[in-house]
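Asker: Model the full structure from these sequences, guided by the hints.
Quick note on the working numbering: the sequence shown kicks off at 972 and runs consecutively.
Ranges between beta-carbon positions, derived for each pair:
1. D1176 <-> I1111: 16 to 26 Å
2. D1191 <-> E1026: 19 to 29 Å
3. K1125 <-> A1154: 17 to 27 Å
4. D1071 <-> Y1182: 17 to 27 Å
5. K1125 <-> K1048: 32 to 42 Å
6. A1192 <-> K1048: 18 to 28 Å
7. K1162 <-> R1021: 40 to 50 Å
8. Y1168 <-> P1080: 41 to 51 Å
When the alpha-carbon atoms are kept at most 25 Å apart in a straight line, the in silico DSS-like pairs for lysine-lysine are as follows:
9. K1062 <-> K1035
10. K1126 <-> K1170
11. K1037 <-> K1048
12. K1078 <-> K1028
13. K1063 <-> K1028
14. K1126 <-> K1054
15. K1082 <-> K1062
16. K1162 <-> K1179
17. K1123 <-> K1179
18. K1048 <-> K1149
19. K1082 <-> K1035
20. K1063 <-> K1048
I should point out that these hints are in silico values taken from the structure, not numbers from a laboratory.
Using N, Cα and C, we set each Cβ at its ideal position, and we do this for glycine too.
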Amino acid sequence: MKTKQERTGKKSLSGLSAKTEAKQQDVMAGLPSVQGVLDFLRLLSRNNDRDWFTENKALYLENKAKVENLIAWLVPKMQAFDKELRFVDPKKCLYRIYRDIRFSPDKRPYKDYMGIGISRQGRHGMCSGYYIHLQPGECICGAGVYGLEPEKLKKVRDGIYFQSARLRQILDAPAVRKLYGGAMAESARMKVPPKGYDKNFPDIDLLKYHYYFLERPIPDAEVESPDFAWHLLESLEAASEFNRFLNEALDF
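Answerer: Here it is as structure tokens:
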């Protein structure tokens, strides 16, 4: 529940806004840190075999614990702006590092990244959710949904078709423009509109995606910074209305 200061936006006796003061209190208490995780993943990428992993299992567990601590800190704070996460178990948000190589020509046994999925249906849910990807040089965070079956993808597009002004407003929000560029992932953009929709629809560009995701690249230096957890939380909160829009379209 928000404090009176947070609801009114007034400054506390210290002269700081409630949000700034809360941030400082968290910093003083010690934010969760993932410093060293990217270094471990670099080592794993260069030594992706079972012998090395077994010899360095303690190092893996040490860095896995850092990411788990980050998740345990994030989830309760995310529940404040996304009530759909109220039953999320933080312990079930981290993806396994072991690769399924049974039918893959790539026989490397381990992923060279750590992925975090946070949604009301868990990390493997088909609803829209939040995602964090930690990989040297390729870290991202964001929200959305991908890999939808055709009928579910159509539900999302129908939701956009009938509420395109609302989606525009979400994408034009200052925080979304600042952190996500006010646009969905470029890699999801289609060259032509999907079939079944009026090509003269004014917001046809919003339908030209084969998945819907807000994606923010994160520099490695930010991941290694002491206040990364706060930057990450702010980024995920900025994407929460986008997430809500998609889940309403999907009837979740």
